[in-house]
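Protein chains: 2
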Amino acid sequence: MRYTATLLAAAGLICSGSAAPPTRPGPGAGGPGSKNGMRNFIYIVPDGYGQHSQTMARDYAMLLPPNTTASNPGPAGFHLAADLLVVGTVRTWASDNLITDSAASGTAFACGYKSYNDAVGITPDGLPVGSILETAHLAGFKTGLVVTSTINHATPAVYASHAENRDSYEAIAAQEIGYSHPFGSTVDILMGGGRCYFKPQNDSTSCRSDDVDLFSFAASKGFTVMQDRAAFDELNLGENAPLPYIGLFNDDQMMYEIDRSREPEKEPSLLEMVETALVSLDKAVSGRTPPQSGKPGKPAGPTDKGYFIMIEASRIDHAGHANDAAAHLYETLMYNEVMDFVRNWIDEHPDTMMMSAADHECGGLTTNGFDPEPLQAAQHSLEYLADLWSEYNGTNIRGFFVDTILAGAGLSGVLSDEEIDALLAAGEDEILSTLPDLTAELAGVNWSTGGHTAGDINLHAYAAGDRWRELKADLAGNHDNTELPRYIEKVLGLDMDATTRKLREAAPFVAPADAAKKTKRNVKTRDGHEHGHAHMH
Amino acid sequence: MRYTATLLAAAGLICSGSAAPPTRPGPGAGGPGSKNGMRNFIYIVPDGYGQHSQTMARDYAMLLPPNTTASNPGPAGFHLAADLLVVGTVRTWASDNLITDSAASGTAFACGYKSYNDAVGITPDGLPVGSILETAHLAGFKTGLVVTSTINHATPAVYASHAENRDSYEAIAAQEIGYSHPFGSTVDILMGGGRCYFKPQNDSTSCRSDDVDLFSFAASKGFTVMQDRAAFDELNLGENAPLPYIGLFNDDQMMYEIDRSREPEKEPSLLEMVETALVSLDKAVSGRTPPQSGKPGKPAGPTDKGYFIMIEASRIDHAGHANDAAAHLYETLMYNEVMDFVRNWIDEHPDTMMMSAADHECGGLTTNGFDPEPLQAAQHSLEYLADLWSEYNGTNIRGFFVDTILAGAGLSGVLSDEEIDALLAAGEDEILSTLPDLTAELAGVNWSTGGHTAGDINLHAYAAGDRWRELKADLAGNHDNTELPRYIEKVLGLDMDATTRKLREAAPFVAPADAAKKTKRNVKTRDGHEHGHAHMH
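Taken in sequence, the protein lines are chains C and R.
The UniProt record's numbering applies: residue 1 is where the first sequence begins, and numbers increase by one.
The UniProt record's numbering applies: residue 1 is where the second sequence begins, and numbers increase by one.
Check each hint, because a few of them may be wrong.
[As the list claims (entries may be wrong)] A short list of chain R residues far from chain C (calculated; beta carbon distances all over 10 Å): (1) GLY77; (2) ASP83; (3) SER180; (4) GLN201; (5) ASP203; (6) ASP233; (7) GLU234; (8) ARG262; (9) VAL279; (10) ASP351; (11) SER390; (12) GLU391; (13) LEU411; (14) ASP417; (15) ASP456; (16) ALA498.
[Stated by the list, open to error] Which stretches of chain C does chain R cover? Using the computed rule of at least three CB atoms under 8 Å from a CB of chain R, they are: (17) 54-62; (18) 87-94; (19) 392-399; (20) 447-457.
By construction, these hints were calculated from the structure, which means they are not laboratory data.
Don't be surprised by glycine CBs; every beta carbon is placed ideally from N, CA and C.
All chains should be modelled from the sequences, with the hints used to inform the complete structure.
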């Protein structure tokens, strides 16, 4: 017997979905700390990142040059950026399942309410609940969503849209840009993938089922619209990036970092997007936005409010679903780079606070006899290689497999000629399920599932100076994920329940779940199942 | 290629083994907090306890009655005792392997030095390093070791002995009781299993290879000696327990809690031993020890020093090695009971501080589709059932297997008649490897290994009142396991390096590794391999 929604409900273990404030104290209720003076909040979601993701990334970095030089601080002190910022752990379960998906967990940490898997910013009774981002926007804060998934994927979706089902991608995109959100536009910066959802169906690269042109709508509302890396580069890492703007750099998910880092001209990295977003948010709230002649609708000057931004290292999760150890590693290292950048940013902007927690673990990763070399040898994600394999039209199939696919996966010399022949004879499905297993075996990496697990995840936080000790004292312990936005709410002096009341006055506007069925492109993105490319096992 | 001692050494990633104090700051170096007034320190080791161990135990407790009643605080707030006390995470690797064993990790968190797997209180160069317990003893503190493994198992061993190899059980026992330790007796309370190592070889239940009678030696030095539950009960949970005393309640490891809880007359629980030890330590350092007429050598009165005690929930690890989910669960729940008791104890004794961290994860546990019912149905550990199976002399083998073994494992009705026949025909090894797999499959529990993994583990801590916030601020983050005793050292005002110098003046006394070979009883206890009963797969 598995515990389902019915069972949990019978056991009294589902939240009511009422908009009344929770009666349980959130983290830090016993000691509020010195939150005065905090204007800005940065929330970072490493999607699908478990405790072993960090251990594997640290062990990898520790064992490879140049970390073995004499100038290294030494093994006992070796750490990655996120290590320094661990303050506690988080319980993640959804109202209908011990294993949450990104939508239910996101609804918890964006809005403060438990809900069912698939729910986007609504409670189990189908009513919308306001997010911390929407609340910050209503209070006059600038806001941003910067991700490497599609921008209308579950985690960014819960901050600026409300839907019965996360698969309502078209409706979610329309809400995020303000086309169909009752508050209009609530997000000043949107960056990530999912470009196809913003183009009308007559565009050959569209994945909409209607004629709505969300990029044109955005431009009409004053957004700078970017659809490629060249446009992004014109922002000069935020030095020339007045709000609002939207930059979507891939029709689907953005590239895995392991692939992108070898073709950086194709897309910006998460770190580059984060730097750009923070610099432009800082300028916007500091009144340093340069005048933009001839561009109507840009915010004109300073505000007494700060900003809220959600940054997602989205594809740690996708690589976990694919059991792709090398891709998982690169995404986790990029998350640590972002954590390092944000920590330094906060030291220079001490009116800013950071919190970071995954939505759930993914893949059931453990390491046992870890060897970094097979992961170092890998040049590409399995998704990238599967695309190459699907697209190959040549006649030297065996040579292409050995020289491009196996070599790209870091598996040169691993298989005998007979094994290669047998694998080629077995066909694509067998190939695509064998490659990750080979890498895992060689690297001492174990995956227990292609879905999520129920495990706790780590909570990280940072503030500058003396506030750092206060923040740690506030946030130590094990928290339910619904408690996390309540802390941000207190820090920024916001009222999420007021947002919920305003949303419900404007309701019903929740997107029908079956809208997803009309989506003409089959992008599988439901957590617990497969993400990205359907042929990736 | 796996990373071995040689590779790590070549990479400059092994500590020097020098007795010089580490140059890196330990936790809290940037903010010492208000440690004044702390007299006592309780260190708790949940051996082999990973983050998923806690998630599984919490989900189990949450989903079973009586936690589903109206008086339950509700799902978002549901937690176990250890949850409240999480403050950070710990890196665990040994000097010669990313995956540590209990000896190397114990040497790190007892003595503050990285060493190789198997090392007990010595550095890779073979020289002893002083433990926090030995240091506390030299400074006039009372000390205790309370475990559920054999008392000379690696984790307790590192606090009061020094050996090249953890398998030197006889030499370790002799050091722990003060027979062959250069400082004499350093431990005032020893409780756990391992009785056979304290009896001379002419005793039929001895596992020594010499005539040394450590119980008689202990008695001659003033120890009260207990060898069964009846003697323990006379202590009346510490109300009648002047120091020093030794209580060993099993020749081998103590019973798994899942078994012991059904036969509590056989052995005390870890919680009972902890309560007894803390009450008697408190009396000893508070001067409230009642006079003991006719018993020479008891400490006579109060001291201005407090106490240090290490408590180990030892067999979480053993159940992980055996991939025995039900036994692992019961051990983890007992650990949480001890954490709850200690937290309340500290509230009543605010001059006491607690820290708790595992030595490593064990089993690569993840949960995916967890169902508590198969674990609730289990009545015994697989070790217990394997003993019953081995000892069965009757003729109704099939009936015994179905009614006792399968029923005891909570697997009644799971196998068809044909499957039962096939299993019986396949023999004992197949039976013993099939039962944990069946339970894991039914309960949605995944084990990736029968050994340890490299994953980080959680750090917990507690202090009463305002000191709790200071402690959290000190200890948040990710720490190397070598940093942990340095914090205790500062709190109690001790000098571990002085102890190391004294030990080395008294050296050489490290037990020869080949002493283990003389051990006449084959108790496999090396981490990474099998613990307890050799026939438990």
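We went through each hint and held it up to the structure:
| no. | hint | verdict |
| --- | --- | --- |
| 1 | GLY77 | 5 Å, violated |
| 2 | ASP83 | 4 Å, violated |
| 3 | SER180 | 31 Å, holds |
| 4 | GLN201 | 39 Å, holds |
| 5 | ASP203 | 40 Å, holds |
| 6 | ASP233 | 36 Å, holds |
| 7 | GLU234 | 39 Å, holds |
| 8 | ARG262 | 25 Å, holds |
| 9 | VAL279 | 28 Å, holds |
| 10 | ASP351 | 20 Å, holds |
| 11 | SER390 | 30 Å, holds |
| 12 | GLU391 | 34 Å, holds |
| 13 | LEU411 | 15 Å, holds |
| 14 | ASP417 | 23 Å, holds |
| 15 | ASP456 | 5 Å, violated |
| 16 | ALA498 | 21 Å, holds |
| 17 | 54-62 | holds (count 6) |
| 18 | 87-94 | holds (count 5) |
| 19 | 392-399 | violated (count 0) |
| 20 | 447-457 | holds (count 8) |
The earlier numbered hints that this structure contradicts are 1, 2, 15, 19.
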